[in-house]
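One-letter residues, chain by chain:
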Amino acid sequence: MADTQTTTSPSQAAAVPAAAPSAMAFVAPAVAWFIPGAGHLIQKRWLRGLLLLICVVAMFVFGLAMDGKIYKSNTGDLLDILGFISDLGTGVLYILGRTLDWGANAIVIATADYGTKFIAVAGLLNIIAAVDAYHIAIGKKP
Amino acid sequence: MILALELSHFSAAFLFALFSSTVFGICFRNNSREMLRYGAYCFGVFMVGMWIAGWVMWLIHH
Chain W
7 MADTQTTTSP SQAAAVPAAA PSAMAFVAPA VAWFIPGAGH LIQKRWLRGL LLLICVVAMF
67 VFGLAMDGKI YKSNTGDLLD ILGFISDLGT GVLYILGRTL DWGANAIVIA TADYGTKFIA
127 VAGLLNIIAA VDAYHIAIGK KP
Chain F
67 MILALELSHF SAAFLFALFS STVFGICFRN NSREMLRYGA YCFGVFMVGM WIAGWVMWLI
127 HH
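Protein sequences appear in the order of chains W and F. Going by my numbering, the first sequence opens with residue 7, and the numbers climb by one from there. Going by my numbering, the second sequence opens with residue 67, and the numbers climb by one from there.
Rather than coming from a laboratory, the hints here were simulated on the basis of the structure. There's no promise every hint is true.
Stated by the list, open to error - Derived contacts from chain F toward chain W, CB cut-off under 7 angstroms, selection only: (1) Thr88; (2) Cys93; (3) His128.
Note that the structure is predicted; figures quoted are calculated from it, not measured. Virtual Cβ for every residue (Gly too), placed ideally from N, Cα, C.
Start from the sequences, fold in the hints, and give me the full structure.
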């Protein structure tokens with residue numbers, strides 16, 4: 007009887023490359039960060055992508071409408087630095103906001119403080135969505 | 067700013083809970099049914115937590 011098992015020498019095993027992550031694993035989180043929900047949309051998760059887009063954009067817009075502040079890049083107070091990192095999570099919305107000078111310069115009323123938190127949380131939620139898009143791209147999540 | 071919105075504390079917290087729990091539901095569960103359940107659960111926790119925090123603050127104030 008013929009031996010059907012194949013054997014692999016160490017040199018052959020070294021020649022076989024490890025399964026490389028697909029391009030989508032890099033593209034999806036980047037696109038998801040830049041445009042909220044887009045990481046899901048390019049992977050044909052239409053409803054999830056649309057809901058994420060609505061939630062993040064709505065939180066950002068409500069934050070601005072409540073006179074919230076968009077943090078600039080800074081090296082001052084720790085909370086200001088964290089605020090900047092959170093705001094940066096909104097991707098293109100942050101770039102638009104900074105370019106067009108949206109948002110208040112100072113927080114003077116209580117609702118403006120809520121607005122500032124809305125903008126920061128929109129960024130954090132978008133980062134969670136980008137991680138989720140990555141999990142879908144690598145097949146960890148359906 | 068063209069848009070100007072003055073929400074009450076409750077309305078702001080309601081919107082915050084609604085959007086956050088929607089994203090949590092989508093990102094932290096694997097199928098539609100579980101997403102819906104987890105989103106609803108998070109929304110409930112946000113609202114109940116806010117209600118309790120509100121009463122605690124009222125008691126501290128008085």
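Verification of the supplied hints:
| no. | hint | verdict |
| --- | --- | --- |
| 1 | Thr88 | holds, 5 angstroms |
| 2 | Cys93 | holds, 4 angstroms |
| 3 | His128 | violated, 20 angstroms |
Violated hints amount to a single one, hint 3; each of the other numbered hints is respected by the structure.
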